[in-house]
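**Student:** One line per chain: the protein sequences are A and B, in this order. Sequential numbering of the first sequence, starting at 1, is according to the working numbering. Sequential numbering of the second sequence, starting at 1, is according to the working numbering.
Worth flagging that the hints you see were computed from the coordinates, not collected in a lab. Zero decoy hints are in this set.
Residues on chain B that point at chain A, a partial pick, calculated with CB under 7 Å:
#1 85
#2 87
#3 90
#4 91
#5 100
#6 132
With a straight-line Cα cutoff of 30 Å, these simulated DSS-like cross-link-like pairs (lysine-lysine) come out:
#7 122/B - 270/A
#8 270/A - 105/B
#9 108/B - 122/B
#10 270/A - 108/B
Just so you know, these numbers come straight off a predicted model, no measurement behind them. For glycine and all other residues, C-beta sits at the position ideal for the given N, C-alpha and C.
Each chain, letter by letter, is given below.
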Amino acid sequence: MAAVLASSGASRTARLLRGVLIPLAVVVIWQIVTGLEWINPIILPSPVAVVTKWWQYLKPTVTMADGLGAWLHSSELLTDAANSLYRVVMGFLVGTVIALPLGLLMGTSTRVYGLFNPLVQVVRPIPPIAYIPLAILWFGLGNPPAFFLIALGAFFPVLMNTIAGVRHVDGIYLRAARNLGASQFTIFRRVIMPAATPYILSGIRIGIGTAFIVVIVAEMIAVNNGLGYRILEAREYMWSDKIIAGMLTIGLLGLVIDLGMDRLNNHLLKWHRGLETK
Amino acid sequence: MLIEIDNVNKQFAVPGGTVDALKDIDLNIGAGEFVCLLGPSGCGKSTLLNALAGFVQPSSGAIRIDGRADAAAEPGPDRGMVFQEYALFPWMTVAQNIAFGLEIKGMKRAEINERVDLLLGKLNLREFRERFPRDLSGGMRQRVAIARVLALDSPIMLMDEPFGALDALTRRTLQDELLRIWEEFKKTIIFVTHSIEESIYLADRVVVMTYRPGTVKRDVVIELPRPRDTAGSEFNELKKELAQMVMEEQMRFAQSEIRGVTAD
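I would like the entire structure built from these sequences, with the hints used as guidance.
**Tutor:** This is the structure:
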């Protein structure tokens, strides 16, 4: 099926064209509507204005002669993106480092599950955003409250999926492993862990997505750089074009992270994908 | 190597009472014997196999292997099991699946590779060495499962309806391969099936079991020389005889199903 589609170049081009049709139409209509000044540019700036602003936002203010580090750092957009990404990674790591072992324990031991599950069920529905006042009280301003909120956002998806992954390991694999002489530890490491990996990875993917949402909100409150902060700052000056440029940057960054996760998934789960991988 | 099943009973708790899955099972299986356990669903043949494997413990009675009373207290690689659902680890390649038990034993890498290659050859799996189970047909997967157990060099092979999910042609091919392996590696095989023809084709002895409580109805020695002709008159005589016995138990099974339905 895939081979048939790939071999006929014409249909591939057609699919590509179909894919850009709607986005292109949206941009064209947007440009016409704003270009004819039917809408106040503060309410909705034109695509050209957004791209221009985006470029200004991205463009380094010093030359390469000052060194690559300084050159990259002088780009406001790159600095913001790096700051946001740093917070996502740190917060996500903190959340996952706690959620993963706890999830594995809760999945394997009914006793641990019984101990922790009531608390998890009560706390889980509280959105991380609701912790903002407490986060500032506890951690002050700057990165720490942001890490905390992001960690919280990543924690539950990873935890819940890890528990589900461990619990859904087919009993037949456990029986086969015991029959082949595997110890409890070997079974955990070589049977339960890999069998649960698809669940855990999808938990991680959801966790990163949540972390990305939370970082933007956290930056609107506790810090003075990053993409979330920049959007809010632009609002103060009514720079709608910069707001949209920031939003698009967030979208692109999210897309890149998700594609990266997809790559990682495919690499780790070669065995799990269907026959179409051949 | 002698397996002694001595007055084994097994009760399972069910809503509103207990079920006698196994009742007073007495059975001796000699070294190198190929024994089929035959009977309808619910006759306890899989329970007996699981007791031998160490997955369930008898409620009373003993299973001794070479006189050791605790031989089946735990699952172990001396009693390799082949499951109907293959039970291959999907995240491991064919070679990794076969090597798994050897790695647990702590065998050296070079030795493991040598043994894996030998078994891949014996079971015509060489070109599938680096494939994942997903890429294989049912027959191929069961070959890998057999190789995985053979790798352990266990004297006893337990097989739980291993060919039940395969089409007729693949099934016959694998039956012939199993007989070849049995003769070459001198295994003791205990093979659960509900196919009368399969049991006569393979076994030295067919143990017919009754539906609840699971007891030994008849222990039939098959003396036909191998390879056996499934169309021969003697084969068909045996088939008729065994079919008669199995049908009686099947009827009891069906009646209990009807009773179960009306009782609801």
